[in-house]
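Engineer: What follows is each chain in one-letter form.
2 protein chains.
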Amino acid sequence: MLTRLAPLAFAAVASLLGMSAAFAQNQEPIQPIVPPQQVNLGMVELGKKLYFDPRLSKSGFISCNSCHNLSMGGTDNIPTSIGDKWQQGPINAPTVLNSSLNVAQFWDGRAADLKAQAGGPIANPGEMAFSHTLAIGILASIPAYQREFKQVFGKDKIDIEQVTLAIAEFEKTLVTPNSRFDQWLLGKKDALTADEQAGYKLFKESGCVACHNGPAVGGNSFQKMGIVQAYKASSPAEGRSAVTGKDIDRFTFKVPTLRNVEMTYPYFHDGAANTLTQAVDVMGRLQLGKNFTKDENAKIVSFLKTLTGDQPSFTLPILPPSSDTTPRPSPFK
Amino acid sequence: MLTRLAPLAFAAVASLLGMSAAFAQNQEPIQPIVPPQQVNLGMVELGKKLYFDPRLSKSGFISCNSCHNLSMGGTDNIPTSIGDKWQQGPINAPTVLNSSLNVAQFWDGRAADLKAQAGGPIANPGEMAFSHTLAIGILASIPAYQREFKQVFGKDKIDIEQVTLAIAEFEKTLVTPNSRFDQWLLGKKDALTADEQAGYKLFKESGCVACHNGPAVGGNSFQKMGIVQAYKASSPAEGRSAVTGKDIDRFTFKVPTLRNVEMTYPYFHDGAANTLTQAVDVMGRLQLGKNFTKDENAKIVSFLKTLTGDQPSFTLPILPPSSDTTPRPSPFK
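Those protein sequence lines, which keep their order, are chains E and U.
For what it's worth, numbering that gives the first Met the number 0 labels the leading residue of the first sequence as 0, then goes sequentially.
For what it's worth, numbering that gives the first Met the number 0 labels the leading residue of the second sequence as 0, then goes sequentially.
Pulled out of the complex, with its shape left as it was, chain E reads as follows (with noise of 0.2 Å):
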């Protein structure tokens, strides 16, 4: 009687869940954005403070937000990024949107998890020009700094672990779900357009899902760029390899997220693609060996702009004014 009954009684449940929509998922290669389930609010709201301040560069001038700026989908929207005293950066900035959901960070992964890679532009001299004891000494002047830095972590003495944990924290909360395909997989069927679910459907069929896949769209591996064709790139960067140190990573990056995708050009590590359509066009040749119609090209950028969630929402944060014993940037010199 229990085993006749349990399938039933676990059915009504699954429904009651909405766990048919899960069932549905689970046969796609591509997952709904979650948000985080557990942050630590003080930290968050910490971390979002120096994400916006430009104190952690030399210049006083350059922030996280510079480069990954939440106006516009956590980018620069330039194909590399402006450094300290405008040098050119080497490559495209990766947006920090979803960024916790990568297998590492950086485009060659050479930082394990978000705060490991939060260090890494304040003390680059091509990007903050900074040094983290340098930063330390400008946190640790400012009063109300020192006091949210205590009522977070329970200590006196503000350190760079302090710093990167806050700013990883905060950039946990940067995610973007419900976005019109997520709405789809979750059972809103006339969430996508028929061209939108015919691009999807493209989109897997062709090869695409191979690499982008999972909550992130991409994100989850490293690929060589350029399987079937060689990509000439504008960039020197030789990816993986710089991390490795084995010949057989050269060219190979980190797949990037494509949610989002519409707000994040130009694409590719150097930024060479300014429009979906060219990357789209790119993509299909040289990593699939396919060329794409000028109607396939399109239903598929039709599916990737259905890719855009909810952007993070939160009041612009005011930043505690410097002391008199505040050591000033250095913006010029």
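Worth flagging that the hints you see were computed from the coordinates, not collected in a lab.
Since this is a predicted model, take the numbers as computed values, not measurements.
Even for Gly, the Cβ is constructed at its ideal location relative to N, Cα and C.
Take these hints with a grain of salt, some might be off.
Stated by the list, open to error - Restraint ranges, calculated between C-beta atoms of paired labels, are given here:
hint	chain 1	residue 1	chain 2	residue 2	range
1	E	PRO176	U	GLN36	36 to 44 Å
2	E	SER233	U	ARG146	53 to 61 Å
3	U	GLN37	E	ALA241	57 to 65 Å
4	U	ASN123	E	PRO176	35 to 43 Å
5	E	LEU287	U	GLU160	46 to 54 Å
6	E	SER233	U	ASP246	49 to 57 Å
7	E	LEU287	U	ASN39	48 to 56 Å
8	E	VAL38	U	THR172	27 to 35 Å
9	U	THR276	E	GLN150	27 to 35 Å
10	U	ASP323	E	PRO176	23 to 31 Å
11	E	ASN290	U	GLN87	45 to 53 Å
12	U	GLN36	E	THR132	48 to 56 Å
13	U	GLY41	E	LYS156	47 to 55 Å
14	U	GLY136	E	ASP323	41 to 49 Å
To be verified - Using 25 Å as the maximum straight-line C-alpha spacing, the simulated SDA-like pairs for lysine to any residue come out as follows:
hint	chain 1	residue 1	chain 2	residue 2
15	U	LYS293	E	SER140
16	E	LYS48	U	THR274
17	U	LYS84	E	SER329
Got chain E; can you put chain U on it based on the hints?
Structural biologist: Okay, now just chain U, sitting in the frame of chain E:
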């Protein structure tokens, strides 16, 4: 009967309206900040996006908020600003906060109002280094902007008038009411400490208030920098004479607002004073022929810090993405 009752009735109504406080204010040379009584909300929301949009610059990297950063008192907190290709600006970026209360805009007052100011930096080769025509070309190529401009202005064609009007309307909202000093002016007598009140008394009796008065505690007149003693500026800026062509206006600048002055360091048109202590000392000697004692200086500084009001609080705007036809920025050309 009526005449005998009227004053009583008036007093009762006045008391209900908090007008006894208003009477007290009238005796003070500084008045509370009044939030704008009438704003066009659609225009404000559009102007907020434009204020944060770096696509109004040649590089795609510099927005109004880069130098008038609303996380940092509406300034950039560096002596002179960083422009396109890291050019060093000639003058300290004045705060945008409460700038609607200024008699004119820019240190030399060359723009009559916020609308006239807003177009300046976009086309200034040393700042955003763009042109109005190119900026309009960008906006007109972005469907979401096209729709929003049409909704707000009711016209099919975007022009620079609309752009500067919208930015100015947003800037009208950037007032900072409710400082502790305003609370005190409005009758909350314990809003200031004894030292802060003593500082205000010194501020009035020493003559600071001759120039720093009105709701913005400045911003309403042009005055010579260096009246009693000459000021040795680290900037070539000559002030108001550049506008009037009159020699008598050399080194005459708009008196800066002291609202939120704790946040708007460094001080003076050349940003040469890093701290309020320095600024009060220099102002005392050069403008008033007074050597404030350490104690007097500290009291005036403590009063000045009570002028920090509620900072503008709003959700970081999300900018509409460029379309395939949007001209791309030129950060390195």
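Engineer: None of the hints should be skipped; say for each whether it holds.
Structural biologist: Status of the hints after comparison with the structure:
{"no.": "1", "hint": "PRO176(E) - GLN36(U): 36 to 44 Å", "in the structure": "holds (40 Å)"}
{"no.": "2", "hint": "SER233(E) - ARG146(U): 53 to 61 Å", "in the structure": "violated (34 Å)"}
{"no.": "3", "hint": "GLN37(U) - ALA241(E): 57 to 65 Å", "in the structure": "holds (58 Å)"}
{"no.": "4", "hint": "ASN123(U) - PRO176(E): 35 to 43 Å", "in the structure": "holds (41 Å)"}
{"no.": "5", "hint": "LEU287(E) - GLU160(U): 46 to 54 Å", "in the structure": "holds (49 Å)"}
{"no.": "6", "hint": "SER233(E) - ASP246(U): 49 to 57 Å", "in the structure": "holds (54 Å)"}
{"no.": "7", "hint": "LEU287(E) - ASN39(U): 48 to 56 Å", "in the structure": "holds (51 Å)"}
{"no.": "8", "hint": "VAL38(E) - THR172(U): 27 to 35 Å", "in the structure": "holds (31 Å)"}
{"no.": "9", "hint": "THR276(U) - GLN150(E): 27 to 35 Å", "in the structure": "holds (29 Å)"}
{"no.": "10", "hint": "ASP323(U) - PRO176(E): 23 to 31 Å", "in the structure": "holds (27 Å)"}
{"no.": "11", "hint": "ASN290(E) - GLN87(U): 45 to 53 Å", "in the structure": "holds (50 Å)"}
{"no.": "12", "hint": "GLN36(U) - THR132(E): 48 to 56 Å", "in the structure": "holds (50 Å)"}
{"no.": "13", "hint": "GLY41(U) - LYS156(E): 47 to 55 Å", "in the structure": "holds (49 Å)"}
{"no.": "14", "hint": "GLY136(U) - ASP323(E): 41 to 49 Å", "in the structure": "holds (46 Å)"}
{"no.": "15", "hint": "LYS293(U) - SER140(E)", "in the structure": "holds (22 Å)"}
{"no.": "16", "hint": "LYS48(E) - THR274(U)", "in the structure": "holds (23 Å)"}
{"no.": "17", "hint": "LYS84(U) - SER329(E)", "in the structure": "holds (16 Å)"}
Going down the numbered hints, you'll see the structure goes against just number 2.
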